[in-house]
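Chemist: Use these hints to put chain V onto chain X, whose structure you have.
There are 2 protein chains.
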Amino acid sequence: MKWLAPQKASGFYSCSSNAINMTTKEDLEAIENQISTIQVSSHGETASPVLAHGKFKTAEKGRNWGWLLSGFISLNILLLGIAIVSGSVFNKIQISSSHLLIFLILLVILTTVWMVYYKIHTSRVYHAVLYKDSHAGPVWLRSGLVLFGVCSVIMDIFKIVYYAGRMHCESPVKIAFPAVQALFVIVQTYILWVHAKDCVQIQQIITRCGLMLTLSTNLMVWMTAVTEELLHQTVAPVITSSNSSSNNDHRFNDPMQGRAESSECKCSHNMCDVFEKAYYYLYPFNIEYSLFASAMAYVMWKNVGRQMDEHHSHKLSFSPWDVLVGPVAGLIVLVAGLATFVVYEVDVAKEDPKSTEEALIMHYVMNIVAILLMSITTLVGCIIFRMDKREQVSGKNPTRSLDVGLLVGASLGQFLICYFTIVAVLASGVKGHINGLNLACSILTVIQLCLQNAFLIKGLHREPYKETETTTVFANVMAVRERDPERRSSSIVPAHTLPIPLSLFQGRLSWKRRILKEICAFLLLCNVILWIMPAFGARPQFDNTVGSDIYEFQTWAAVVNIGMPFGIFYRLHSVASLFEVCLTS
Amino acid sequence: MKWLAPQKASGFYSCSSNAINMTTKEDLEAIENQISTIQVSSHGETASPVLAHGKFKTAEKGRNWGWLLSGFISLNILLLGIAIVSGSVFNKIQISSSHLLIFLILLVILTTVWMVYYKIHTSRVYHAVLYKDSHAGPVWLRSGLVLFGVCSVIMDIFKIVYYAGRMHCESPVKIAFPAVQALFVIVQTYILWVHAKDCVQIQQIITRCGLMLTLSTNLMVWMTAVTEELLHQTVAPVITSSNSSSNNDHRFNDPMQGRAESSECKCSHNMCDVFEKAYYYLYPFNIEYSLFASAMAYVMWKNVGRQMDEHHSHKLSFSPWDVLVGPVAGLIVLVAGLATFVVYEVDVAKEDPKSTEEALIMHYVMNIVAILLMSITTLVGCIIFRMDKREQVSGKNPTRSLDVGLLVGASLGQFLICYFTIVAVLASGVKGHINGLNLACSILTVIQLCLQNAFLIKGLHREPYKETETTTVFANVMAVRERDPERRSSSIVPAHTLPIPLSLFQGRLSWKRRILKEICAFLLLCNVILWIMPAFGARPQFDNTVGSDIYEFQTWAAVVNIGMPFGIFYRLHSVASLFEVCLTS
Chain X
1 MKWLAPQKAS GFYSCSSNAI NMTTKEDLEA IENQISTIQV SSHGETASPV
51 LAHGKFKTAE KGRNWGWLLS GFISLNILLL GIAIVSGSVF NKIQISSSHL
101 LIFLILLVIL TTVWMVYYKI HTSRVYHAVL YKDSHAGPVW LRSGLVLFGV
151 CSVIMDIFKI VYYAGRMHCE SPVKIAFPAV QALFVIVQTY ILWVHAKDCV
201 QIQQIITRCG LMLTLSTNLM VWMTAVTEEL LHQTVAPVIT SSNSSSNNDH
251 RFNDPMQGRA ESSECKCSHN MCDVFEKAYY YLYPFNIEYS LFASAMAYVM
301 WKNVGRQMDE HHSHKLSFSP WDVLVGPVAG LIVLVAGLAT FVVYEVDVAK
351 EDPKSTEEAL IMHYVMNIVA ILLMSITTLV GCIIFRMDKR EQVSGKNPTR
401 SLDVGLLVGA SLGQFLICYF TIVAVLASGV KGHINGLNLA CSILTVIQLC
451 LQNAFLIKGL HREPYKETET TTVFANVMAV RERDPERRSS SIVPAHTLPI
501 PLSLFQGRLS WKRRILKEIC AFLLLCNVIL WIMPAFGARP QFDNTVGSDI
551 YEFQTWAAVV NIGMPFGIFY RLHSVASLFE VCLTS
Chain V
1 MKWLAPQKAS GFYSCSSNAI NMTTKEDLEA IENQISTIQV SSHGETASPV
51 LAHGKFKTAE KGRNWGWLLS GFISLNILLL GIAIVSGSVF NKIQISSSHL
101 LIFLILLVIL TTVWMVYYKI HTSRVYHAVL YKDSHAGPVW LRSGLVLFGV
151 CSVIMDIFKI VYYAGRMHCE SPVKIAFPAV QALFVIVQTY ILWVHAKDCV
201 QIQQIITRCG LMLTLSTNLM VWMTAVTEEL LHQTVAPVIT SSNSSSNNDH
251 RFNDPMQGRA ESSECKCSHN MCDVFEKAYY YLYPFNIEYS LFASAMAYVM
301 WKNVGRQMDE HHSHKLSFSP WDVLVGPVAG LIVLVAGLAT FVVYEVDVAK
351 EDPKSTEEAL IMHYVMNIVA ILLMSITTLV GCIIFRMDKR EQVSGKNPTR
401 SLDVGLLVGA SLGQFLICYF TIVAVLASGV KGHINGLNLA CSILTVIQLC
451 LQNAFLIKGL HREPYKETET TTVFANVMAV RERDPERRSS SIVPAHTLPI
501 PLSLFQGRLS WKRRILKEIC AFLLLCNVIL WIMPAFGARP QFDNTVGSDI
551 YEFQTWAAVV NIGMPFGIFY RLHSVASLFE VCLTS
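Which chain is which? The protein sequence lines are X and V, in order. The opening position of the first sequence corresponds to residue 1 in my numbering, with each subsequent residue numbered one higher. The opening position of the second sequence corresponds to residue 1 in my numbering, with each subsequent residue numbered one higher.
Take these hints with a grain of salt, some might be off.
Stated by the list, open to error - Under the rule of at most 35 angstroms between Cα atoms (straight-line distance), these lysine-lysine pairs were calculated in the DSBU-like manner: (1) V:K132 <-> X:K389; (2) X:K174 <-> V:K431; (3) X:K119 <-> V:K458; (4) X:K458 <-> V:K431; (5) V:K389 <-> X:K119.
Said to hold, decoys possible - Among chain V residues calculated to face chain X with C-beta under 8 angstroms, some are: (6) L68; (7) F72; (8) L75; (9) L79; (10) A83; (11) G87; (12) Y281; (13) F285; (14) Y419; (15) F420; (16) V423; (17) I457; (18) T545; (19) S548.
What the hints assert, rightly or not - Partial pick of chain X residues on the chain V-facing surface, computed with a CB cut under 8 angstroms: (20) G87; (21) F90; (22) P138; (23) I383; (24) Y419; (25) V423; (26) V446; (27) A454.
Calculated from the structure, these hints are not laboratory results. Each residue gets a CB set at the ideal place from its N, CA and C atoms; glycine is no exception.
Here chain X stands alone, though its shape is the one from the complex:
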């Protein structure tokens, strides 16, 4: 009767080509028919989303009407959004940032309303969510969402206070948007925290559309935040920098531009400057929040109508005493990184060219050492993967596919910054220590990113190590060999006292597994420090002027400001993936 539990049933449908499963396919067919009968009769609902063949196929196929409709909604919102954002950036008069904010307010309200409707509807209908995807919404993603969500709400409050002081000369939309956004962030964080694992079975078309609306809204908020951050940064240095282009000056002096009004519009309370600075510091968190929420909405969208295959949900134990060298080495890198980061920030804050130069040299040397060590260990890890051939995980898994996609996609941000740096330094003729170190650091980062991506993709696709299973298989082989029942009773060995060849085989496995775990632990801690540095404000890309000298400042700022949040997301995501690989290896 264990087989008849509805949670397990859909596993039979999973596409498998190994011979072991095929031999029992017919029996499973019979059982499965039983299940659907039982489900229909027990729930008494004919429209219940049971494992009927046709229904399942449509859901799995994906290219149904709900899929198409939701895709087109998202496409249209995003493209319209891109056009409005471009208009508000390049146009002087007709498309102001208020138009963009009105568009965003509409989107945000619509999404909030849908989320409330979703919550009410799924909690009312029995069996609205039959299955939960155990891989979806891992705890690091949800914790990150809450952390960045809190920062976003604080940012919104600061914005409201700031614009409240400028009520008399600013559009009321500027206050309305942060207020609506704060509400949206609270509702969305709650919904995603509770429902991230849902595989919704009812009203699939509406749910798909709603989730795509959520995704589009988050991407639009992200796009707006990136653009605003970009304009803020490109305007600021124009005043002091000598190589300001005529174009920037033009924009700065244009009275119609919202962000240049500070000279004309006086704040009614004296805290405006503080709040403005504070909310600009919180922008990166809001950018990360939008990326996290988008990723989770996408996984939920992928899981709509999905019937889960739960047989992968075995618990993995983690004993921190398995490994020693990796964590210790990682901790040394982490502490060294933190120390140099603090010194770097202090030195750069002095705004003295000499100390900035020293800070940069220290920062690059620290990074080169860390990344070199990481590259070598990752390479060793990849070689061990090649040596220690293991089954690849079969079966579809939207979360894993998204994991890999996000990993590679997010790494593009850092790749882009590195390649722009390499070209800039080479074009400038590699003069001085700083440029040499910058070049070496960028090249090593590219190599490290390639190796780490390969390591993680391979690691995430390996079948987790199952100690008990291997032992059982061997014990069974031995049992089968001893066909004679009399002899069997005397010669059968307990699983823990296996003969020499088998324990040798296990010993070899352990050796490789141990090194893999050490490597994962080391890389994990290294990625933490590489996450901390940019997340808490280190911007050597701007402190070193080679990038803005070679490209125009605007281009360089765009590359760094678009690439950097993805780079930060990548490091955080790598930490989570490395932890998973560490557990399964």
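Modeler: Same frame as chain X, but now just chain V:
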């Protein structure tokens, strides 16, 4: 023995969840083992790519080392390329277009060498290509490739002649690149024409890397061509246009910029101007060529190591007499479109504001009528798809996935232009007939694109109609009903004289199928005219100044120049997809 043909064997592996297949899985297992034994023994090669379990799995899984390595190669080439292209656009001195050309020459030579090696190697080794993907490299794609390839070679010759006249003041790289590119285009067109359907089985890692190199090279050539076209267009109007930004003037007067040297460098023969104009007219063809070649290289890359499932390769007959209304209506639209297009081009060439305005009104009215008709018919088609439920095509098919991906991806170009236009017209306050028509046309185009994408995605995923099969099934049902052999001989009906209920059923099917075919034929011809207009030079986006007034000219030109080639590709691709849907419906 028919089952043992190696071409059919891999069909057994295809992931299927219907009960019919499962009952015979065990037998098939046995047969399949036989096949691999036979293949190994008959070819006498132990390393031959037979259907061994492990090998197949690795190939199907995709995430193997060759896959990763080739992906990273492509990623790195493209990102480095983006950095160099950005540098050559924004930098004044250190990164010139010569550096970019040297990078391209290296890429192009490397790709050409690999293609020659591929040709030699696959023709030498027996069974290098065991399977052919019948869906890959359809005739329209290959014909397009040859057509655009010829234009690209002509463009290269013009470029060589042009730069030969300026030998004394230009870098020799400027002549070397078109010469190398012409060779590359010839070799690549030949290779892709002959090998587009290959599912390569040997040296999979090298082949994967080579194909990704080809893909990256084509994308780099595409990116360079788009950028060059963009700069050419943004510099040209600066001289006459009144709303030139200071930035453009600056660039135009800078003597270091290659494209502004014409005033200083005299051509040694008097044909320079003609050739320069001629090769700029041929740029769009080169851009299309790169996109076509990229798509084909991608499909080949997807097919590396693939073992084909050939059961879909049944011939579909097409009788032009099945349909009448659709083609006639389509032809009327086509002829009307051609007429207005010619008048439009003549009117615009007069460079008189009055006649340009008239030409634009005529163009928009023509487009609105055509797109409105298309939207209505496509909607009818979608409704028929919903009514006439048919099995969805099962099984993996990289070509079909790519088809859908390219279709949606290419339509993004036109979507983008439409949304930018909508926002621009709304921001300008919709003054005058022209703006109203422009707005209506853009909104209708967005609707039409959504509907057509939905229609094509649904159409391409439907199981093709099989007349003979249906009839056979019905005949079998009747045969089973008549169990008694005596009565059977008297009452069995030939397949073509079926009883009333069946023929009614068939009649209903025919009615729906006929309308679908009419719709496809009409849409096909409409897409042809929508392809012809932009492909042969209609640019209402520039003739109507609303876009360049609202956005800066550079932004608008970037949107149109990046979006337009995709739009052209989309219409061409739609024609091919509609033809396929017409055949299968």
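Chemist: So, for every hint listed, does it hold in this structure?
Modeler: Hints, verified against the model:
no.	hint	verdict
1	V:K132 <-> X:K389	30 angstroms, holds
2	X:K174 <-> V:K431	29 angstroms, holds
3	X:K119 <-> V:K458	32 angstroms, holds
4	X:K458 <-> V:K431	59 angstroms, violated
5	V:K389 <-> X:K119	33 angstroms, holds
6	L68	5 angstroms, holds
7	F72	5 angstroms, holds
8	L75	7 angstroms, holds
9	L79	5 angstroms, holds
10	A83	4 angstroms, holds
11	G87	5 angstroms, holds
12	Y281	29 angstroms, violated
13	F285	27 angstroms, violated
14	Y419	4 angstroms, holds
15	F420	5 angstroms, holds
16	V423	4 angstroms, holds
17	I457	6 angstroms, holds
18	T545	14 angstroms, violated
19	S548	11 angstroms, violated
20	G87	5 angstroms, holds
21	F90	5 angstroms, holds
22	P138	20 angstroms, violated
23	I383	11 angstroms, violated
24	Y419	4 angstroms, holds
25	V423	4 angstroms, holds
26	V446	7 angstroms, holds
27	A454	5 angstroms, holds
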